[in-house]
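Work out the full structure, taking the sequences as your base and the hints as a guide.
Below are the chains, spelled out letter by letter.
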Amino acid sequence: MLDNLWLGLITVLAWKHLLFMVAGAFFGLWIGVIPGLGPVMAMAILIPVTFAMDPLSGLLMLASIHAAGTYGGSVSAIMINVPGDPGSAATTFDGYALARQGKVLVALGLSVCASMIGGMVGVVALIAAAQPLAEIALTFGPPEYFALALLGLSVVAAATGGSVFKGLLMGCLGLAVSFIGTDSVLGFARFTFGVIELEAKIDFVPVVIGLFAVSELMMLMVRGGTISESGKLEGSLWDGIRLVFAYPLALLRGIVTGIFVGIVPGIGAVTANLLAYAIERRQARDPSRFGKGAPQGVIGPESANNACVTAAIIPTVTLGVPGSAGAAILLVALTIHGLRPGPALFTGSTDLIYGFFVGLIISQLLFAVMGVLFTRWFAVVTVVPSQVLAPALLVISLVGAYAYQQQPADVVVAILFGLIGFAAQRLRYPVIGLVMGLVLGEMAETAFHQSLQISDGSYRIFVSRPLSASIIALSAGLVLWPIIFRRKGS
Amino acid sequence: MTKAVRAWADVAMASALGAYFVYQLAAASRYPPEPALFPRIVGVAGVLLAVAVVVRALAQTAAAGDRLELRRAALAVAAPVGFGLALWLLGYWVASLAALIAFPLLLGFRRMGALVATSAGVTLFFGVVLAYLQVRLPRGLLFERLLGG
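Note that the protein sequences, when read in sequence, are chains A and B. Count the first sequence with our numbering and you get residues 823 to 1312, in order. Count the second sequence with our numbering and you get residues 138 to 286, in order.
Since the hints were derived computationally from the structure, they do not count as laboratory data. This structure is a prediction, so every number in the text was calculated from the model and none was measured. Wrong hints could be hidden among the right ones.
[Claimed, not checked] Covered stretches of chain A, as calculated for chain B (at least 3 residues, CB under 8 Å):
no.	segment
1	1000 to 1008
2	1211 to 1221
[What the hints assert, rightly or not] Pulled from the structure, derived: some chain B residues nowhere near chain A, Cβ distances all over 10 Å:
no.	residue
3	Met249
4	Gly250
5	Leu261
6	Val265
7	Arg282
[What the hints assert, rightly or not] Examples of chain B residues toward chain A, derived with CB under 10 Å:
no.	residue
8	Leu174
9	Leu186
10	Val218
11	Ala236
12	Leu237
13	Leu242
14	Val266
Glycine included, each C-beta is placed from N, C-alpha and C at the ideal position.
Okay, here's the thing in structure tokens:
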């Protein structure tokens, strides 16, 4: 193993590979910051460019875009409450709260350090345990996937604070939104109100832009002033970086959550980010600090999404099953260059695969260095008057929603969910539940039907398998615990 | 917002969500069994949860929130809707430039020189970036009609 890593290091240190990684990290960071244009879009745009490159350069450039773009999404989530990429949705809760306190540099320090460590540990997991972890993921059948979706919704509903009923209601609304369009079982168009565009389903990018960007900008217009309520910048980037090491358990929990979610194909960084936030809130001695700038509320989600992004490469290279949309593009790049995922990749193309692994570690360092270099520029946004900032960001967000698929209907969706998010924020409905329901809806429904097909229509399948039964019991416990606990307390 | 207004707003929001779930149940009754099953389960859960939230909102009033300034709130709601309509009718360039000048003026920003320069800069920068990323910017219904006929 060490010999292979040494070989990989020598391979990757060639100037051309480093140059493409720097270019990828730079491009990914700035694209990641723009709402709607996430790292997946940037990778998709540049994939034709990699056809003419040698396989390792192409893969490293795409991987650098993926890592830097995921971090870039967190930068705008912290600065302006607009996740550049849906995988940073939960970072808005405490990251933006810190920005409003004038501590945007501290929040960016927390984010860059937690993201870098999360990404690096994800790569180490990839190197050390790629094959055994992928085999564990393979033991998951449809009932376990359904139970996981249920767990995701329950954790979010129970841990976001406020009313559990409101959390679950928003989760149901998210599921209801995921039903709109052609269903995944029979291809039947449902709940489309006769609008043809809705048959293609509602994508979660315009929904996230609406819920987090448009609604928050509406709040900013109402509130006035600047994002930083004091109009000044307090604290430094290094304060944030130091703070990460004051919460090692939050970092560890985020990384484990990210790796676990990453190795299970099809779940992705959005779930890892939201789940890590919910876990941190649940673990905290004083949950009331969450949403008001708790450092763990940034450390957990940020380490989780970057660990997830790298861990998602595990099933991609070992089984040919992509763990996320970004990993799917890497799989396409591998295939285009004539490389077949599986055990043969580790024995037949040793220099390439271990060069890729070492390059992934370097790409984490690259985006962290760039993040540190550009932080001051990013931070200035939080002291710009809202009268200018809010309209400018509203235009950018809605044009970003359009640019994602170049569909005018996405602008309508973003505006509609902006209005829903505005009302939800005013009335303390947790919008995170809606996003989680939308993200997990299709997976939950497909797994639900597949499970019933396996069991000839018997619902017992969900409780007769030990793994799915345990996960469902955990979900029920998470929902019932706060209701019973609060009732006893009152 | 006063406590009473907030409680009634809570009731209205939960009722609206409950009404959507009732629609979901009614619409699902016309679908084949498989596509209808999961929406039915979620629909029933949604109606029950909406009822629970309505009952709680009626029983107890939530903590009072900060006062909304009516003019700003109206503008906040109108801004995304107005920009969406302008984008559809006038296209990216005119709609973005107009919105970036009009909204700050309505919010009370009065430095015209800085405003025009910022608006033109932001519109131009994103127009160029999106064009470089091969995003076909909306030209607007009016301009398409004019150019088409």
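Violated constraints from the hint list, given by number and in increasing order: none
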